[in-house]
Amino acid sequence: MPVLLLLDLVGTFAFALNGALTAVRVARVDLVGVVTLGMVTAVGGGIMRDVLLGAVPPAAFADWRYLTVAAAGGLLAFLFGRGLNRFSRSIDVLDAAGLALFAVTGAGKALASGMGPVQAIILGAVTGVGGGTLRDVLVRRLPSVLSSGLYAIPALAGAALVVAADAADVRRLLEVPVAMWAAAVCFTIRVAGLHFGLDAPKPPGVPRD
Amino acid sequence: MPVLLLLDLVGTFAFALNGALTAVRVARVDLVGVVTLGMVTAVGGGIMRDVLLGAVPPAAFADWRYLTVAAAGGLLAFLFGRGLNRFSRSIDVLDAAGLALFAVTGAGKALASGMGPVQAIILGAVTGVGGGTLRDVLVRRLPSVLSSGLYAIPALAGAALVVAADAADVRRLLEVPVAMWAAAVCFTIRVAGLHFGLDAPKPPGVPRD
Amino acid sequence: MPVLLLLDLVGTFAFALNGALTAVRVARVDLVGVVTLGMVTAVGGGIMRDVLLGAVPPAAFADWRYLTVAAAGGLLAFLFGRGLNRFSRSIDVLDAAGLALFAVTGAGKALASGMGPVQAIILGAVTGVGGGTLRDVLVRRLPSVLSSGLYAIPALAGAALVVAADAADVRRLLEVPVAMWAAAVCFTIRVAGLHFGLDAPKPPGVPRD
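Residue numbers (the numbering used here), protein chains in the order written: chain A, 897 to 1105; chain B, 897 to 1105; chain C, 897 to 1105.
Hints are not guaranteed to be accurate.
[Said to hold, decoys possible] Cβ-Cβ distance ranges computed for the label pairs, FRET-style:
id, chain 1, residue 1, chain 2, residue 2, range
1, C, Leu975, B, Val989, 48 to 58 angstroms
2, C, Val906, A, Pro1100, 25 to 35 angstroms
3, C, Leu900, A, Asn981, 48 to 58 angstroms
[Said to hold, decoys possible] Here are some chain B residues pointing at chain C (derived, C-beta under 10 angstroms):
id, residue
4, Val920
5, Ala923
6, Gly950
7, Pro954
8, Asp959
9, Leu975
10, Val1033
11, Ala1064
12, Glu1071
13, Val1072
14, Phe1092
The hints are simulated quantities; they were obtained by calculation from the structure and are not laboratory data.
We put the CB at the ideal spot given by N, CA and C, even for glycine.
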């Protein structure tokens, strides 16, 4: 199996697991709900990107492994939800790795489809944050990407680095592919944000929580 | 008019009527809201399937009769909402027939577009449950497919039978087309679930309602 | 720059500004949230129309200026939200102009893609109201288009005039292009509805607020 597909499936699994665990915590859902919400979190962002690129059927439907791995992550969360909550820190880190991977590959795929830099940065971020946003809407939670923490900002940063490197025609830096640097930047900002409880600025004049 | 189109329009009408009646019950919507929510319930699932298959424009927009029949169902619910609530049991049965029809034709259409078995089963279920889920999101209700009753499970069962029969190259059983058996299984599970108040399993450790 | 593109960008900007200001008022969102909700309001309806027409990538992603102008409108609302609320009446009027423009150009684009009259009217209305509906769903508000005011009705009227003129092969009336008459009708109904506090009819038997 090619390395990129393997990484993509690992990211899909992490998103499904994290998405389904969040769903169990915040809403009274049944087996169908937990698995569905895990799958939506995992493949929703990539589907949005592919529909916006006109690359249909989306990658998640072109290869059965995406849906299967996503369903497995959701099922695992259903069966072991309580026990897995003890590992929530490790799962958050895995989720940050998924975010980094999805934002970077999303921006790369948009550029490869002929999109301009502005669109590629936004589509990279959409790939990273779209699935979790869809899940939050389904369980009637204000999407966390709109309200707290650093989630879109690391995704935008990672996607912007991919776009900048493409414009400057830089493919490697110190022998390491640029995509890995971009993913590392996204991952680092996301994990630092989690660790230090950082938030994006609030509108001026609005009272703080 | 071909039988399949006629059946499809009957299913569309049943979904629009049931969807709009639900909307009137749970939210303070006006004429535009009732008709829109009926139409979204009726054509939303098929549109999701077609977008995911890359079959655009979706069938609901390729033939004006779908939107017209859906709008008529919504308008009827607006005008006679109170009176129609007395027939809610018959409308539930009509809705179960619509679910069976949509799940079976949705899986068949996915297979005909070259989708694999996993994807075809999921797209059959999406065709059946997508519209009602969209309506629930619009009226800010936790989608019932995620939380209670048997709704996705009969749709998955019907779609899986279509896929299994296709894999085994069986087209008829006791002279009856396989699609009708699959629809009958979906319909029976759905109606039994309604009648006996069956639910999908809840996550272990979560207190029951 | 062609006049139509310029008008389209002005409508996009008005929608982004109004959408983001509404978001700040009704939900506790951060910088990312305000800008995202402004952009979603501005380009959401056109993206829905283009996906339903099969015209992908959508116009909003084919030209970087749409996303940039939408982001600028959102950013302005973030920075000057409090001050801008004083101009809410002027912004409402600008928003009505955006609605008229989007409904009319949306119906025209649907006809040009070979859609029938029923579909073109609905796609015109979707272009006008889709973005605001998506924003309302994201901030967990019952979409105003479903519940109060006249928003979909002027959009449907403007779109229907475009379709009727196309069917009658009328391009100009008193030397003025028909599209401008249609936009003026939509705009007038919308502004009159705002001014006089008009609502669409409620379902019979439902108590009034």
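Tell me, in ascending order, the numbers of any earlier hints that this structure violates. Numbers 11, 12, 13 and 14 - these are the hints that the structure violates, sorted from lowest upward.
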